[in-house]
Amino acid sequence: MNGQIVGGLLAPHPPHIVYGENHWRNEPKSECGWEVLRWGYERARKHFLAKKPDVILVHSPHWQTVIGHHFLGVPEFHGLSVDPIFPNLFRYKYDIKVDVELAELIAEEGRNDGLVTKLMRNPNFRVDYGTIVSCHMINPEWDIPIVGISSNNSPYYFSNEMGQTQMIRLGQATRRAIEKSGRRAILLASNTLSHRHFTTESDIPEDMSREHVYEHSGYLWDMKVIDLMRTGRTKELIAVLPEFMDHAVSEVKAGSLAWMLSALNFPDYPGELYGYWTVIGTGNAVVGWDPQLKAAATTQGAAASV
Amino acid sequence: MIQRAYIVPGQPHIYLAPERNAGWASLRQAYQAVGREIANSGAELLLVYSTQWFSVIGHLMQVDPNPKWTLVDQNWYEFGEIPYSFRIDPAFGELYAGICKANGMQASTVNYHGFPIDTGSVVALKLLNPDNAIPASIVSCNIYAERDESRALGFAARAAIEQYGKKTIVVCVTNLSNRYEVGDIDPSRDRVSSAKDDEWNRKILEMLGEGRLEDVAQVAREFGREANADMGFKAIWWLGALMGEHNRYDGKVWDYEPVWGTGSAIVELTPSAKELDFEKEFDEAAPAIAVTGGTGLQTHNVLGEAPKRDEQDTEDATPVIRTERAPKPVGPYPHARRVGDLLFLSGIGPRTPGTNEIPVGIEAQTRRCIENIRAILEDAGSSLDNILDVTVYLTDMKRDFERFNAVYAEYLGHVQPTRTTVGVDSLPTPIDVELKVIASQ
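Protein chains in written order, with my numbering: chain G, -14 to 291; chain L, 228 to 668.
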């Protein structure tokens, strides 16, 4: 069917960036906030939406499941998402279209590979804010259907490596399903990098004079993994992620990044860093991989060698 | 004001799918029996702490008087959905948050339409308080809170309950071992996911059945590590602090069953006056609330400054202690006030509680003074062993000091508080001795 992945993005989901934007869908209003990340998202949005994707897939750390990998399985969801952690910042009205056919196809591919997969069929289900924020930042018009995928926490009970191995298999199943579906797909890995939060909030949440990384070691780790992304060394990146999870309390433990890199077949071409900044102390990077850039690099290389 | 406490699990299986597993049905029956007990208790407030309501920015207190929604659990949606409409006591939530803030903790109230009440709180309130007969208050579980923070939150809850003055039942929603089966299972064959976890659960339940809440709090870290206990079993630190940090409870284990591999139990703890063969031996100091301007949470506080106190907050932060087990004060003052983890006692004389009789002789008066102090401290959740400083007033230093000193040494010689002894012309009643004490919690 010649479906293809036309882009993959590390697309973190702190609700603060929607709050800073003052979008009509979100009730709380701000004076400003987290512009570097928001402007990065704007550039990424422009680049990847130009590829005219049929579907956006998002793997979210805030839909947490313990029995396998779950997929949104209802064609439309409408509702109000109130962030249970930052309800003062995020109360968002959502209208989401779901590509159920592709979700079923991925679930089937996963099952065939021995993974536990499930379709969530209850229309009253409240879509998690991680899914909503990442999708909003890439496509605030919500005019492209999504496939929402849960983060399966349970294999991490055993070890980080075991959890990651399962996410890599899910990524492979995702790629096969997309190819069979004929869709042009964009993938969103909705996780931050270092993930140690401040536990207090200033009176003005968007007071950027208070914003910085929680700890130096978290910053060093963030820079290390971003460097691996920017230089196309994603197999090395995958190898150090289990250590990153422990040393920087990294949210990559949710599996989103491993899933996406696996689906992209571990890019050996540079990821584009669109922006890095902290949100209440956590490290957030927007990084995109465009398979066309690999094709271009290969073509140029071939031309040079003639 | 605290009538009793319950530890309960929060999985939706118990509420939505009891027919699928005998253990789930048994838990539901136990839950409902406890609910009937609560309904007949005369309780005026249910205070719920749930490990399933995660918070990051300090702690959150629900103050929406009537939160309504239809809960579809993110993991167990196949069992169905739970429509809810709860009766919340906003005034208590506001008071509790205010005391936390006055103690230097980060706390906020929550009153937003559509706020997602967590599955654990929903299951507990639906089964324990199905008709909303008793107003409830719900507090979150901070994912970063360690022992100090959890205890500080518990102390604040106790202070809030004392100030609020309503009969309160405390509900702690937490699993024991929390290792879920990671795949689909036949529910009828559900069992605790490892023998090791099961052994740990039974050990913990044996202690709780004997009312040894503080002993459980002391081993919570080991339990958390060894059995992957729910949120490191931090809920027990909150509960222990709230209940007074001792082992003098009547405990009852209503039920213990597996739920999808986890260990789930319903336990009742009622404060009792029973004597113990030996006293506690605790390994950690009280949390540094108020003394340093913040709890352990404040050590993470890079974004904000410590909250400023206003007069009302200060008033809230220093609840008064009065007890029937000590003689009534002879003026407009309480037996003690608590500031953070410190207890400041008024001058305590040797009158006998109930009769106001004054014992004869300095030895008997000294003994009675210290027994009165013991009663006040114990009712405040402390003990003679926690006394830090003593000021002694004697009306006849020359005549009484040596004999006073011998009795004092008998009680407090091993504790070694700092002490000042002064001679005075007289005391307000015809007594020979009065002690003024500062103690830690």
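Just so you know, these hints were derived from the structure itself, not from any lab.
Incorrect hints may appear among the rest.
Unchecked claim - Cβ-Cβ distance ranges computed for the label pairs, FRET-style: (1) N107/G x P292/L: 26 to 36 angstroms; (2) C17/G x P556/L: 15 to 25 angstroms; (3) E305/L x K209/G: 33 to 43 angstroms; (4) S415/L x T216/G: 52 to 62 angstroms; (5) T150/G x N293/L: 19 to 29 angstroms; (6) H63/G x R247/L: 43 to 53 angstroms; (7) D192/G x V557/L: 46 to 56 angstroms; (8) D192/G x E305/L: 19 to 29 angstroms; (9) R106/G x D413/L: 37 to 47 angstroms; (10) K394/L x T150/G: 50 to 60 angstroms; (11) N107/G x D413/L: 39 to 49 angstroms.
The structure displayed is predicted, hence computed values, not measured ones.
For glycine and all other residues, C-beta sits at the position ideal for the given N, C-alpha and C.
We went through each hint and held it up to the structure:
For the pair N107/G and P292/L, the supplied restraint of 26 to 36 angstroms holds, since their beta-carbon distance comes to about 28 angstroms. Distance hint for C17/G and P556/L: a CB-CB separation of about 56 angstroms, inconsistent with the stated range 15 to 25 angstroms. For the pair E305/L and K209/G, the beta carbons lie near 41 angstroms from each other, so the given range of 33 to 43 angstroms is met. The supplied range of 52 to 62 angstroms is met by S415/L and T216/G, whose beta-carbon atoms lie about 54 angstroms from each other.
For T150/G paired with N293/L, a C-beta distance near 47 angstroms fails the hint of 19 to 29 angstroms. For H63/G and R247/L, the Cβ-Cβ distance of about 31 angstroms falls outside the hinted range of 43 to 53 angstroms, so the restraint is violated. Judged by the Cβ atoms, the range 46 to 56 angstroms given for D192/G and V557/L holds: they are separated by roughly 53 angstroms. A C-beta distance of roughly 44 angstroms is found between D192/G and E305/L, which places it outside the suggested range of 19 to 29 angstroms.
Checking the proposed 37 to 47 angstroms range against R106/G and D413/L shows it is violated: the Cβ atoms sit about 22 angstroms from each other. Take K394/L and T150/G: their Cβ atoms lie about 53 angstroms apart, and the range 50 to 60 angstroms holds. Between N107/G and D413/L the CB atoms are about 23 angstroms apart, so this pair departs from the stated range of 39 to 49 angstroms.
Violated hints, listed in ascending order, are 2, 5, 6, 8, 9 and 11; each of the other numbered hints is respected by the structure.
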